[in-house]
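Sequences and hints are given; from them, build the entire structure.
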Amino acid sequence: MSAASETLPSVMVPVAMRLARVEKETHDTFTLTLESADGERPARFAPGQFSMLYVFGVGELPISISGNPEERDRLIYTVRSVGKATHALVTRAPGEAIGVRGPFGTSWPLADSRGRDIVIVAGGIGLAPLRPAIYHVLRHRGDYGRLLVLYGARSPQDLLFRKQLTAWNYVPDTQILITVDYGGLSWRGNVGVVTTLFRHIRLEPERTTALVCGPEIMMRYVVRELLVRGVSAEDIYLSMERNMKCAVGFCGHCQLGPYFVCKDGPVFPYSRLKAWMDRYEL
Amino acid sequence: MIKSKNLVETLREHAFVAGFQPAQIDRLAAMAHEVHFDRDQIIFREGDESSFFYLILSGKVALEVTALGKVLRVQTLREGEELGWSSVLGGSGGKHFQARALTAVRALAFDGARLREACEQDYAFGYTLMRRLLQVVASRLQAFRLQLLDMYSPEGPKSV
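In the order they appear, the protein sequences are chains L and H.
Each step along the first sequence adds one to the number in our numbering, with nothing skipped, and position 88 is 88.
Each step along the second sequence adds one to the number in our numbering, with nothing skipped, and position 92 is 92.
Since the hints were made in silico from the structure, they are not lab data.
Ideal Cβ placement from N, Cα and C applies to all residues, glycine included.
Treat the hints loosely; a few may be bogus.
[Stated by the list, open to error] Here are the simulated distance ranges between beta carbons:
no.: 1; chain 1: L; residue 1: Phe250; chain 2: H; residue 2: Ala67; range: 49 to 57 Å
no.: 2; chain 1: L; residue 1: Met12; chain 2: H; residue 2: Leu148; range: 36 to 44 Å
no.: 3; chain 1: L; residue 1: Thr166; chain 2: H; residue 2: Glu155; range: 26 to 34 Å
no.: 4; chain 1: H; residue 1: Val71; chain 2: L; residue 2: Ala16; range: 48 to 56 Å
In structure tokens:
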């Protein structure tokens with residue numbers, strides 16, 4: 001029996017977990033807490049990885065883990081309800097079973113970034129896969145330099161994790177900058193796309209690792225800002241989104257140039273992606 | 001109020017004058033005066049023929065537009081940024097947005113007509129000023145284009 005056929009069943013068969021809690025973050029985004037249904041601890045994950053969540057009878061979805069990697073007894077996911085399967089997922093009642101495969105994929109380079117400033121740039125739901133990295137840096141605060149979080153959302157009503165963002169701003173050497181594309185009269189914060197926030201931070205490019213997640217077009221412009229400010233392509237990491245199905249590089253649905261996003265990603269250094277990001281046909 | 005010598009120092013620290021020669025900064029400083037706006041004070045309204053160009057020293061300003069009876073904030077500007085660039089060009093047909101101080105704001109104000117006159121008298125100064133102003137306008141245009149894409153929409157970016 002080959003190694004592939006020995007491991008194939010275990011990675012393709014979901015483990016049933018119990019939906020413990022559903023919290024409404026915004027009008028269309030929810031955070032789900034899954035706990036073990038059989039007393040076994042869920043598999044350990046690294047910040048940036050994703051799981052395949054199976055809503056039985058509806059479909060399976062790739063969802064980034066948004067919880068604290070130190071909390072070993074549960075898995076937390078933040079999901080935007082945009083289609084049939086995501087709607088089914090966020091409307092399950094606590095106590096129901098959700099199938100989980102994974103965690104899968106590459107993670108943010110936190111071990112290799114010790115001693116460096118961490119610049120996190122998130123757009124919209126893109127903050128969710130970055131939150132475990134923020135938890136990690138805050139828990140190991142002395143291992144890193146400054147933590148700068150630049151977060152952009154569509155409107156004030158679309159901001160995720162608002163209480164946490166406010167609290168993190170009080171942590172020493174941590175700066176949280178938030179902006180929205182459109183604000184009403186009650187919003188007194190920044191208005192403008194996330195790239196406009198770069199004007200208000202001081203980067204030390206030679207000691208900066210940037211972690212970026214958001215819509216692909218946003219990431220392209222964020223990368224330009226980082227490169228203009230002297231951050232090298234090797235120190236910029238992006239989390240890519242594609243149509244992941246098998247999650248282990250067999251089916252090819254998530255191919256991006258020579259890579260499978262599920263297996264070779266979702267986190268890539270920009271130096272590996274730059275040849276493929278601007279191609280229209282991919 | 002900043003004294004004239006300190007005004008040059010203050011201006012020198014503003015990001016707008018990066019690339020200006022010292023004599024050009026002195027020339028600009030000679031046309032500047034310090035202004036203050038209270039929180040929620042309207043600095044100019046949409047359609048105003050306000051002739052002032054501002055370099056923000058501290059505080060935050062919102063650019064607003066009224067649409068369908070609602071006020072929408074489309075951009076905020078902070079210390080180190082510029083406000084009212086169209087005043088330098090003149091003949092723009094009035095302000096396109098309303099500017100409101102979101103916090104107490106301290107700024108350097110320049111009369112647009114005087115700036116244009118200085119540009120006519122000294123083309124090197126005029127080139128430096130207009131080049132810098134064009135960079136400001138270009139970065140605003142790029143940001144607005146991205147904003148128009150509505151990147152975070154559930155349907156994905158719009159085609160514009």
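Violated hints - listed by number, lowest first
The structure conflicts with no hint, since it agrees with every one listed earlier.
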